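Undergrad: Required output: the full structure, derived from the provided sequences and hints.
Each chain is listed here by its residues.
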Amino acid sequence: MTRWIRLMVLACALFGLATTAEAATRGGTLTYARYADSLFLDPVFNDANVDIWILTNLYDTLLMPTADGKGVNPGLATEYKVADDGLTFTLKIRQGVKFGDGSPLTVDDVKWSLDRARNPKNGIWSFIVDSIDSIDTQGADTVVLHLKHPDPTLAAGLATFNTAILPQKLYEATPGSTDEEKAKAFAEKPVGTGPFVFDSWQRGTEMVLKRNPNYWQMGDDGKPLPYLDEIRFPVIPDDATRILKLQAGEVDGAELIPYARVGELKNDPNLDMELYPSTKVTFLTMNVRPTLTDGTKNPLADPRVRQALNYAIDKNALIKIVTFDVGKPVVSFMSSATPLVDDQGPAYPFDASKAKALLADAGYGNGAEVSCIALAGSADDNAILTTIQQMWAQVGVTLKIDQMDNATRTAHYRAGDFQMRTSLWTDDINDPSEITSYFAYYPQIQSLHGGFQDQTIDDLYTKSQQEMDSAKRADMYKQIQQTYMKAAPIIFLYQSPYPVALRKQVKGFVQIPLGNNIFSGAYLEK
Amino acid sequence: MDSARGPVGLKYVAVRLAQIVPTFFLVMVIVFFLVRYLPGDPTSAVLGIRATEEAVTRINAQLGLDRPMIVQFWIFLQHFVRGDLLDSIILKVPVMQLIEERMPVTLFLTGLASLIAVLLAVPMALMSALERDRAPDIVIRSAFQIGLSMPVFYIGIVLLTFLAARLHWFPVGGFGNGFGEHLVHLFLPALTLALSLSAILMRNLRNSIIEVLDADYVDFARAKGLRSRLILGRHVLRNALVSTVVLFGLNIGTLIGGAVITETVFAIPGVGRLIVDSVFGRDYPVVQGVALSLAVLVSLVLLATDLLQATLDPRVAR
Chain G
1 MTRWIRLMVL
11 ACALFGLATT
21 AEAATRGGTL
31 TYARYADSLF
41 LDPVFNDANV
51 DIWILTNLYD
61 TLLMPTADGK
71 GVNPGLATEY
81 KVADDGLTFT
91 LKIRQGVKFG
101 DGSPLTVDDV
111 KWSLDRARNP
121 KNGIWSFIVD
131 SIDSIDTQGA
141 DTVVLHLKHP
151 DPTLAAGLAT
161 FNTAILPQKL
171 YEATPGSTDE
181 EKAKAFAEKP
191 VGTGPFVFDS
201 WQRGTEMVLK
211 RNPNYWQMGD
221 DGKPLPYLDE
231 IRFPVIPDDA
241 TRILKLQAGE
251 VDGAELIPYA
261 RVGELKNDPN
271 LDMELYPSTK
281 VTFLTMNVRP
291 TLTDGTKNPL
301 ADPRVRQALN
311 YAIDKNALIK
321 IVTFDVGKPV
331 VSFMSSATPL
341 VDDQGPAYPF
351 DASKAKALLA
361 DAGYGNGAEV
371 SCIALAGSAD
381 DNAILTTIQQ
391 MWAQVGVTLK
401 IDQMDNATRT
411 AHYRAGDFQM
421 RTSLWTDDIN
431 DPSEITSYFA
441 YYPQIQSLHG
451 GFQDQTIDDL
461 YTKSQQEMDS
471 AKRADMYKQI
481 QQTYMKAAPI
491 IFLYQSPYPV
501 ALRKQVKGFV
511 QIPLGNNIFS
521 GAYLEK
Chain P
1 MDSARGPVGL
11 KYVAVRLAQI
21 VPTFFLVMVI
31 VFFLVRYLPG
41 DPTSAVLGIR
51 ATEEAVTRIN
61 AQLGLDRPMI
71 VQFWIFLQHF
81 VRGDLLDSII
91 LKVPVMQLIE
101 ERMPVTLFLT
111 GLASLIAVLL
121 AVPMALMSAL
131 ERDRAPDIVI
141 RSAFQIGLSM
151 PVFYIGIVLL
161 TFLAARLHWF
171 PVGGFGNGFG
181 EHLVHLFLPA
191 LTLALSLSAI
201 LMRNLRNSII
211 EVLDADYVDF
221 ARAKGLRSRL
231 ILGRHVLRNA
241 LVSTVVLFGL
251 NIGTLIGGAV
261 ITETVFAIPG
271 VGRLIVDSVF
281 GRDYPVVQGV
291 ALSLAVLVSL
301 VLLATDLLQA
311 TLDPRVAR
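Protein chains in written order, with this note's numbering: chain G, 1 to 526; chain P, 1 to 318.
These are calculated hints, taken from the structure and not from any lab test. Only a predicted model underlies this, so the values are computations on that prediction, with no experimental measurement involved. Heads up, a few of these hints could be off.
[Claimed, not checked] Facing chain G, from chain P, some residues (calculated, C-beta under 8 Å): (1) A18; (2) R36; (3) P39; (4) G40; (5) G48; (6) I49; (7) R50; (8) T57; (9) A61; (10) G64; (11) L65; (12) V265.
From the three backbone atoms N, C-alpha and C, an ideal C-beta is built for every residue, glycine too.
TA: Below, the structure written as structure tokens:
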């Protein structure tokens, strides 16, 4: 029996809008200071957060992530339906939508964009829609996806940046003999259906977006979004300078406020120091192979040692010291904002005696030596590792810290040539499958290159990728997380929000748990 | 007394210009191979924790990075002789475009910083030397010593906090649009850069002036009845400036290095920041392109200081 999953088409402003009682004021320029410039504004070929978190203002996806990160809303598709056997995914495309250059959005654009996104030769995100076997269009408003197998992650996938819809004709008319060349040329002046259109970009200095007068989403006042006329993104890499600019009133918002400054900005009467819930988790990856690349025996191969090292860390103290209490303990390897997270309480609450007992049990009663790679120049890494160094010394474990620059440590990482390393993760898709495939599922990247392999987890993951029953799938993820927790292939540390400081006049802005900066509902109060 | 310009001078300049060419090729070869010997590659550096073997291998192959280094160098040379510096791997735009956009900014910054350094150093050195070991001398030397010992980023943040953010006399970082705005935006960063350089120049110039003031030919000039100011200008300053000009040329590398930090603190889109980011990101074409342009720049500055030195002291040019 076909199940119509009817999504409510919200009359008022959709996801990401703070529901304020006052009406939004229209007009004005919002200046938002970023810590780094975007690199490449193509939804399929981009690689980094600095691109992803801006793309959603230029391009729309068929579905859109909800503000809390757990579900999807209509986007360029007004509704979708999944067949009983899970092999057909039908979308109804919103009518009357125009691209930034005025040309109409058609079902052909949708088919072409999705085909481009799922091509494994294009970029690194094709896995998000690799369950699609072929795509048909029907009439002017229907797109049918034929799947290789049932895919419970597809709705979330269609809300992810790489499946954004581009104008086929305009793109194909761009000069270039390969898709990469065309992508480069097109990304110089991108055209999408998003709330803002690209105006100018002085690389390394500032990007300017202007209001899309033809946008399809409606504001509280019944007129089209966005409320703002223009957004300017100056690039200010130095944290102290970025904050100074905000305090001087030269910008309206500043992202990535260092933890140490959050308290001070909270007390500033002119600013709102926002801490947006995020999917960001901080942890230490462990190499769990029996021997390291230099042939020495690896104490981390024993799960008791890994558990002991986890128990030996006072996470609350660490969170206080490193994040000035901005962070929170994690309950799983995934953040609390990731769907299907299993919450059994904070991971490995501090217990030094248990840690010592486990170490003795594993034969390391007289101590052990481990080393960890830190990112050179990172204040956070420094704070985390020096704190942990002291805590582990209490249970007889010596921690050696190796500082390396990013490219060098990534080379070690890929070669499995490390014992431990500091790590950060944010989800790119509103589904636990991505983080699980990287952390726990061996065939992807040998579990964060650490070598952790558990056949139960691998089998559960494979099954869960085709399980359409949400209750059954949730249960599979519960099992995966509990098995992973016991095996402790990582040192669980904390999760932390996105720290953004805004002038009090800025309203309606939100950074969703995935990291996307949503400006469609933002406005400047007069 | 005046330098002999003409055939001797031109030959000297031509020889020096010709010397830039082998330097250039040496820099090209060294930078090309050195940056590729660094561990890591641009693709896995940017993908970081999300890097899968398949993606890294595929993308590196697309970029031609799996070929032997000598083949890559040959390809680079072939493009280079056609004036093509290839595209940035990370930013996906031509390296030439990046240099054209960013080099003038760094030149403006370092040029302004040099000017400020000289304007600070020369009068102070003069006063210091003339009032040798008396109060003004001690005050000036201490002040410059403090400037010399403070790190560049610290001075930068202090200036930004007080003169920009609090007093609003200057904008907080950035570059601005148009010459006037550039001047206003770059004043603080140029001042930051100039402080340590001017300290070095001032000390050296002061000592040189003292040396010259004590020299025989000055006494001789005085004995001949030449007025003090004339002595000062023509003889003392001119001869004292020689070693300072040389010192300036030698410090051009430090100036550019300081520009890197200043560009980051003040959010200025120059090549300093670009080359550092590119080394960290293993963006080989950008590192090569910027290193080569900086090599040319430094060579020209050294040539200019040598010419200036030759003008001030004709004995050098022969």
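Undergrad: Look at each hint and say if it fits the structure.
TA: The hints, checked one at a time:
1. A18: violated (35 Å)
2. R36: Since the shortest Cβ distance to chain G is 12 Å, the answer is violated.
3. P39: holds (4 Å)
4. G40: holds (3 Å)
5. G48: holds (6 Å)
6. I49: Status holds, d = 6 Å.
7. R50: holds (7 Å)
8. T57: violated (10 Å)
9. A61: violated (11 Å)
10. G64: Cβ of G64(P) sits 13 Å from chain G, so the hint is violated.
11. L65: Because about 13 Å separates L65(P) from the closest Cβ in chain G, which is outside the 8 Å limit, the hint is violated.
12. V265: Status holds, d = 5 Å.
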